[in-house]
Amino acid sequence: MRRVRGMKAAALLLAGSVALAGCASDSDDAGSGASGSAESGDLKIGLAYDTGGRGDKSFNDSAYAGVEAAIADVGGTVQEASPNADASDRADLLTQLADQGYNPVIAVGFAYSDVIGEVAEQYPDVTFAQVDGSVDDAGNPDNMTGLLFAANQGSFLGGVAAALKSETGQVGFVGGVETPLIQSFQAGYEAGAKAVKPDIVVTSQYISPAGDFSGFNDPARGQIVAQGIYDGGADIVYAAAGGSGIGVFQAAVASGKRAIGVDSDQYESVDDPALQPVIMTSVLKRVDLAVQAFITDFADGSVEGGTDVVNDLSTDGVGLATSGGFIEDIQSQIDDYKQQIIDGEITVPE
Amino acid sequence: MSTSTHAAPTATRRGPFAELFLGGGRARRVTWLLVGVIVLVSAVRVISGEQALTSSSTFAAALLLTVPLALAGLGGLFAERAGVINIGLDGMMILGTWGAGYGGYQWGWGGALAVGILMGALGGLLHAVATVGFGVDHTISGVAINILAAGVVRFLSESLYTDNPAGGGPTQSPALSSRPPTVSLPVLSSGPDLLGDLEAKRWFLLSDVAGLLRGLTNDVGVLTIVAVLLIPLTFLLLWRTAFGLRLRSCGENPAAADSLGVPVYRLKYLAVIVSGALAGMGGVFLVFIANIYREGQTNGRGYIGLAALIFGNWRPGGLAAGAGLFGFSDALQLRSRTAVVALLLLVAVLLAGVAAYQAYRGRVLQAGLAGAFAVASLVAYVLIDELPPGIVSFTPHLTTLLVLSLASQRLRPPKADGLVYRRGEH
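Residue numbers (our numbering), protein chains in the order written: chain A, 1 to 350; chain B, 1 to 426.
This is chain B alone, in the form it adopts within the complex:
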């Protein structure tokens, strides 16, 4: 601890221009970053002529792909912030899909949501009993749950859907008896559809923003809205309430928390059950898309949600960004193969920016490398008309990797994440 009195955190002196961008703390910087990304993508759209890059349908598809990842990631956030690694997210998601199919064909979409969340929470409870109650290694319990879930849903389907007059079979449920309602923003994205008109004009920036807003507000399902709201709500709950502080203290230093009277075991149980419920909700979302449960519907999305969590440095905003990035690039490659080539231009511009920044900081090697890759991407953009499908479908993974390596962020997991806590032994 420094005792000097003149160590007040005076910011390095900046001109008024730099102050506009860098001052004002995190929130302002993030806002500028977002604005910058939108301007950049918009410019790339105009230059490359790839309208799919910012069309409302691409954003709508991106939202569809992002929500299950974000829900799984949120589930992971709760568990890991309380110090329990949850590899079993995918299994809990599988339980959620099955529950949604079972509840949905009997009681409609509300029943699907309820049973799906319940099944996910049961998966979470099992994980909590194993890891918190019995002190099983978190990874082993999680993997066991993934295996168990796949077997349990097959068993349940076989016993409940075989010869069921409503339909279904060992690998799928009958169709949901009612669909969840969808809403559109009146006037702006439905009815007169002002945003749609603006998007069709193909103006620089304005049409792109309109596409983004329309994609996020036109024909949106109830569960999507809930999922989007859950991101800020989770932040408020975990970082702005006493409950959240206690829960996070279980993941940072459970012994200290325990000594201060925090009910560590109870909070860990609660966190992992909520974790399962959220993952189950992600499964319900998948069932809502198809309106039916199908075995293997999750396709490993639980794991990607977990990756989004780590990508986002164990924070709700970060994991939403990670899931969104993955969802957007996935949507883009599914909707337009040629638009993926335009991403190369985007990469070239971004890397050129990195090169300029590193040169400014006097790091010759980094600047040279970034510059070389920028030129390579630019050349690739000019020369390539359409990428081979194998690479195109790998776009989301590549993009995520690229952003991770560029951002070179200092990831910091909760300090006691994955450690078994036994009262009185630490």
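Isolated chain A (complex conformation):
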């Protein structure tokens, strides 16, 4: 029996150490990332990613590209941090970065809204920024800047393109998770489609309800939802569903229809040549430009703090991707609508 207990303890220790090793590799990575970067300048930028981390071919990568571009301009180093699988350690990431003297600290993703306010109050000398999160949601700390995107405006153009290209007079929308953020994508898309064809039918559906974030990373269910919309008669579906979007593209291939990507230029980032022909365009969110501008401002000392910076069509912070050349023929009409939004002739619902 004693031997058994010894074995048990040994196995437990083994399992525990393995689990710990798993944690350790992350911080090791982050450390090497910091030392590997350029060492010029005094700027020490902390970058906390959203679920998925760098390599998501979407807004995390885009944020990193923005930081890199800024470092090329003003110099400095970057320390990256990725949340764990269930993203329960977001607050810890920010605290660690601030503790280690990184300033500014940039959090990527609206999910940081719950924690960033508190951390910002603990570190009044550090400047924080949050991509996709407003200062208001974080509890109005005055050392934080919200980098917001008028996603509804970009989606409006997506709706315009869908309506112009639709042959069945029916288009669709697949949202990942029914959060206010994605709902503004939906509102803009529907308004854009209706602006072109007032009698167009827009079928909108979400993969998972608010609170259940699996909808952003479940291609199988994304495919089923999209297939249902295509079966219902829609011929273009806008996938505002993060990683589930690839399921929407698969459904488009299976039914010989088309889809619209989101956030990054998914025609380029999808990694699957079979899917490229169905990705008509993507509604871009230029996280890179926003992050770069924020860091440059910070280096200049012109960051106010406590305010939101909204990136919209007028600053080219949102827009449509043209890769693949599928929307070349309607580009002038899209530009018309874009100008009308910038001029305030069209107000896009949130």
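Note that these hints are calculated values from the structure, not bench results. Incorrect hints may appear among the rest.
Claimed, not checked - Covered by chain B, according to a simulated footprint, are these stretches of chain A (three or more residues, beta-carbon under 8 Å):
hint : segment
1    : 131 to 138
2    : 151 to 159
3    : 172 to 186
4    : 202 to 209
5    : 213 to 222
6    : 226 to 237
Said to hold, decoys possible - With beta-carbon atoms standing in for the labels, derived distance ranges:
hint : chain 1 : residue 1 : chain 2 : residue 2 : range
7    : B       : 366       : A       : 211       : 31 to 39 Å
8    : A       : 88        : B       : 240       : 40 to 48 Å
9    : A       : 333       : B       : 204       : 44 to 52 Å
If you're wondering where the values come from, they're calculated on a predicted model, not measured in any experiment. Even glycine gets a Cβ: it sits at the ideal position worked out from N, Cα and C.
Assemble the complex: chain A is given as a structure, and chain B must be docked to it using the hints.
For chain B alone, kept in the frame of chain A given last:
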């Protein structure tokens, strides 16, 4: 032990009508139950006008959602029948998805299947070494494997896919270089598509059966067929062969099995490795849908597969039913929010049946309760046009809970399930 000679199991006397439904043993009763469910669902479809309820596309989607759960559940079945609780199914599934991505982009779908199964089996081996070899608590080892798997795949992706010319990144693999073939039943569900025509007629019962058959036979992937075949094969292997008896005896009374010369340790190792391989296969199936590996693709399906196993009373048919029920209601809510409301009508009819049965048996309280809930569901069906999305997406969980509580089955896990077995100490 009774010594009386007149205790032969004479069935309670029934009329010829009751005999038709209740006689003939389990198989006939299950068949009637299935027929009853199809007739009922078909009637609900006609009354509510919700075509999505039995359309072939709903069934096809249900199959897509069921297969990974069923494969994970089957994996659990092997392990638990041999007496090892496998909480690590989800982790082994994660390993399977990663393996499928890695094998798939280099060697096509065959490579994806092979590497995915191998990775899952490796996860199973680790669990077996910990639980059978070292006697670690099964739950602790399983949880550790879940945590470990998530970390390992991130590490592997980071080291193999970063700056890989084929594409991919820390959270996703390059696309699979070939797709698994799909087959359709000729004449019936492709070509002339007779079933499709029949389904479009919207006739009572006939169209519903056609929808069901077409959904299960049109454009079905190879792995789906394998998975469906694995259910009866597992049953035959575990309940109709000497090997199966020995394996199950390890889960019921390993000491007795050992004393009779059954290689308990070896069988347990084998069972847990097979368990991991099957869970890995479930992961491969998920990758085949997206044609790419993505981190977090399993979304906890391993746990639901485990729940399906328990739902099905640790039997292949039962776990397939559990996974199917979950998959169907999930598919239904994903495809049509309004069709979910029609389920309320179904619930009302079912509960009314339960009420009548309980009243017949003279249980007033149960009959009254079931009747009250039946009326409540009926009222809800009449009054509600569309349920709020939060409730709709919860449909699969609610349905499963409801069926579990209605069926009030006597669940019986393998007797030595989860116990650490040490030779000579029992």
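For each hint, the structure was consulted:
1. Counting residues of the segment 131 to 138 of chain A whose CB falls under 8 Å from any CB of chain B gives 0; the rule of at least 3 is not met.
2. Interface restraint, the segment 151 to 159 of chain A with chain B: violated (0 residues with C-beta to C-beta distance below 8 Å; minimum three).
3. Note: the segment 172 to 186 of chain A has 1 residues with beta-carbon separation from chain B under 8 Å; the three-residue rule is not met and the coverage is violated.
4. Taking a C-beta to C-beta cut-off of 8 Å, the segment 202 to 209 of chain A contributes 5 residues in contact with chain B, enough for the three needed, and the coverage statement holds.
5. Requiring three or more residues with a Cβ within less than 8 Å of a Cβ of chain B, the coverage given for the segment 213 to 222 of chain A holds, as 6 such residues are present.
6. Under a criterion of three residues with beta carbons nearer than 8 Å to beta carbons of chain B, the stated coverage of the segment 226 to 237 of chain A is upheld, 3 such residues being counted.
7. Against the hinted window of 31 to 39 Å, the Cβ-Cβ separation of residue 366 of chain B and residue 211 of chain A comes to about 35 Å, which satisfies the hint.
8. Here the CB-CB span from residue 88 of chain A to residue 240 of chain B is close to 47 Å, well matched to the stated 40 to 48 Å.
9. Checked against the hint of 44 to 52 Å, the C-beta distance between residue 333 of chain A and residue 204 of chain B comes to roughly 49 Å, which is consistent with it.
Taken one by one, the earlier hints fail for this structure at numbers 1, 2 and 3, listed in ascending order.
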